[in-house]
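S.K.: Given the sequences, and given the hints that come with them, work out the whole structure.
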Amino acid sequence: MLKRKAPLPRLTDVTLTATQTETAAPDAVLRLYQALLAIGLMVQVPARLLPLLTAHLVPERTLCGDEAGLRHHTIDTTLFYQAYEAQFSQFLRQSGQPTVLHVKGDPQLATALTASWLHLGGASAAACLPGAGRCAALAPLVMLLFLQGETALNPRALPEAADAWEAVSGIPIPAHQPVPGKNIFDVSSGVHVDGLIKDSLSYEPFPPEAVGRERRIVLDQHSGQSAVAARLRALQLDPGTLDLQALTQRIREQGRTCGTVDEAAFAALIRQAQPSL
Amino acid sequence: MNRKPSVSLTDTTLRDGQQRPGLCFPPETKLRLLRALDAGGVAIADAGIPAAGSHVKDVMRRMMAERKRIRVSAWNRMRESDIRDAMEVEPDIIHISVPASDRLITRVLSKSHAWVEASLVRCIGLAREHGYTVTVGLQDASRADIPFMLRLAAISKAQGADMLKLADTVGTLTPWQARTLIRSMAQGGLPLGIHTHNDLGMAVPVAIEAVRAGAAHVDVTCFGIGERAGNCDLFSFVECGSPVLSVTPALWQAEDLNKNAADILFSAIGIHSGTQTEGANRGQAQPSFP
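The listed protein sequences correspond, in order, to chains A and B. For the record, in the first sequence the residue sitting at position 241 is 241 according to the numbering used here, with numbers rising by one throughout. Take any residue in the second sequence, count from 1 to its spot, add 1000: that is its number in the numbering used here.
Take the hints with a grain of salt, since some may be wrong.
Not close to chain A: a few residues of chain B, all C-beta gaps over 12 Å, as computed [as the list claims (entries may be wrong)]:
# : residue
1 : A1043
2 : R1069
3 : R1084
4 : E1117
5 : K1157
6 : G1171
7 : Q1187
8 : D1263
Under the rule of at most 30 Å between Cα atoms (straight-line distance), these lysine-lysine pairs were calculated in the BS3-like manner [said to hold, decoys possible]:
#  : chain 1 : residue 1 : chain 2 : residue 2
9  : B       : K1259     : B       : K1111
10 : B       : K1157     : B       : K1068
11 : A       : K182      : A       : K198
12 : A       : K104      : A       : K198
13 : B       : K1111     : B       : K1157
14 : B       : K1004     : A       : K104
15 : B       : K1111     : A       : K198
16 : B       : K1057     : B       : K1157
17 : B       : K1259     : A       : K104
18 : B       : K1004     : B       : K1057
19 : B       : K1259     : B       : K1004
20 : B       : K1259     : A       : K182
Just so you know, the hints here were simulated from the structure itself, not pulled from any lab data. C-beta atoms are modelled at their ideal positions from N, C-alpha and C, and glycine is treated no differently.
M.R.: Shown next as structure tokens:
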């Protein structure tokens, strides 16, 4: 279909192929396609969606059907139980053309095998957004390559892709899903909040901003004085004007009964601590 | 024929798992889960941080009174005051968590390698003086200097610790890095454990690869709950690891344990476990913690 001169992007997204899109709104499908392109991926598109995307198609970044000059190789995750690195190395030595590896099966094992393939020099590999199919997880692989210096990737576009996939599939992405989960940068542990305030990478693998998110300090039974002080400062209050130790203790006690101490409960505890506020 | 490497589990649902912000299990839930883990063949329960207060000490004392085969471990920062708090519970194991990376030692704690080494000597010494079994965990081991960690391993061994656990605190280890880490740290002469996080969606395969490289122990949580993207999921580890590892608990035990844990933990947060379907993490039907 296409003649390609530029190097193949390391990741080929197969979310649109793996997702049932028949009942999805066309604009949602287009939004997903464009979000995946914005990440910096090659995007595999099933033939049935081509008419829908024609006006917006980016041919050099879109795979459809058999691609001239590209070899596709599919394996399943049982390879994880064998000497998979030796097999990948042998394949790469013998293969004379760029190959897109597709790993099918348990998503964690598929992600690990795909990461190893790319680490050993594989040209490209297939992955999809969570829930779209039993294949390697796209977002963690984007982050792994990004952390290793793959500057062509733009992880900040991941939340938009995740939102678009939810709109297409109707399936919510779990809040703690690796990388695109909305709550992965929530933190409450006293030690961890204190550490993150001193060094933003002490207890997180990458800054929330790198994937278009923000850190949220949650107050609960694990909270320490650093966390409480940070939340007070966010409300333009001076922590030095309150008995921080006593306030933290009350937050912990309340957290042991209700889980999260929400904003209203926090405000009530502040008023108890200093009625003039 | 090659024998499968053996591995036993520490369940840390009640300590690291419960550090998922907003999550709070009542004492009765903790006791029910401990009983399920005990019946399910889990070797060790990382059951809490006694220094957090009397509410933790009370429930850990009840765990100690009720446990049958499982060993109850108390988690501690590397502080003598924490060790004294733990000794009030009289746990089976006192676990000491040691900052190992320069990022944690210098940027967060403003301390030195010498301070870490001296504190470790004192803390293990205090627990051993009172006859406790001690395990040592190296925080942020995936970003730490191997020669320094080998010095900490040597100190731990000389002071009488039983095991060294390597924590991938920020969840960035890859399978090949885990293998290198374990093989390097095997020179320390202590049995090794691995503690993985799921930030890059590979907590389970990284733990499996660590065991294939020589680790004898893996930290897990029920349903992979934990901070950020969670920890190594107990059931997934047993299921995915069983073809190449000799895992205790066996797969059939892990299946029963998974069902029991779903009943216990989901009801604690007001959800009927039968209504849950597995999320996108694994892509197949099994209970999934929201």
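S.K.: Now, for every hint given, state plainly whether the structure supports it.
M.R.: To see whether the hints hold, each was checked on the structure:
With a least CB separation of 23 Å from chain A, A1043 (chain B) remains clear of the 12 Å interface cut-off, as annotated. The claim that R1069 (chain B) is not at the interface with chain A holds, since no C-beta of that chain comes within 12 Å of its own (minimum 29 Å). Non-interface status of R1084 (chain B) relative to chain A is upheld: no Cβ of that chain comes within 12 Å, the nearest being about 19 Å off. Against chain A, the non-interface label of E1117 (chain B) holds: every CB pair exceeds 12 Å, the least being about 21 Å.
Listed as a non-interface residue, K1157 (chain B) keeps its Cβ farther than 12 Å from every Cβ of chain A; the least gap is roughly 26 Å. Not every beta carbon of chain A lies more than 12 Å from that of G1171 (chain B), the smallest distance being close to 6 Å; the non-interface claim is violated. Non-interface status of Q1187 (chain B) relative to chain A is upheld: no Cβ of that chain comes within 12 Å, the nearest being about 23 Å off. For D1263 (chain B), the non-interface assignment is confirmed: its Cβ lies about 20 Å from the closest Cβ of chain A, beyond the 12 Å cut-off.
A hinted pair counts as satisfied when its Cα atoms are at most 30 Å apart, and K1259 (chain B) with K1111 (chain B) does not qualify at roughly 45 Å. For the proposed pair K1157 (chain B) and K1068 (chain B), the alpha carbon gap of about 28 Å is at most 30 Å, so the pair holds. Annotation: proposed proximity of K182 (chain A) to K198 (chain A) holds, straight-line Cα distance about 24 Å (limit 30 Å). Distance hint between K104 (chain A) and K198 (chain A) is unfulfilled; the C-alpha atoms sit about 42 Å from each other, more than 30 Å.
Only pairs whose Cα atoms come within 30 Å are accepted, and K1111 (chain B) paired with K1157 (chain B) is accepted, the gap being roughly 23 Å. Straight-line distance between C-alpha atoms of K1004 (chain B) and K104 (chain A) comes to about 25 Å, which keeps the hinted pair within the 30 Å bound. Note on K1111 (chain B) and K198 (chain A): the hinted pairing holds, with a Cα-Cα distance of about 13 Å set against a maximum of 30 Å. For the hint pairing K1057 (chain B) with K1157 (chain B), the CA-to-CA distance comes to about 28 Å; that is within 30 Å, so the pair holds.
This hinted pair checks out: K1259 (chain B) and K104 (chain A) have alpha carbons roughly 27 Å apart, not beyond 30 Å. The straight-line distance between the Cα atoms of K1004 (chain B) and K1057 (chain B) is roughly 38 Å, outside the 30 Å bound, and the hint therefore fails. Simply put, K1259 (chain B) and K1004 (chain B) have alpha-carbon atoms about 27 Å apart, close enough for the 30 Å limit, and the pair holds. Restraint check for K1259 (chain B) and K182 (chain A): satisfied, since their Cα atoms lie roughly 27 Å apart, inside the 30 Å limit.
Violated hints, listed in ascending order, are 6, 9, 12 and 18; each of the other numbered hints is respected by the structure.
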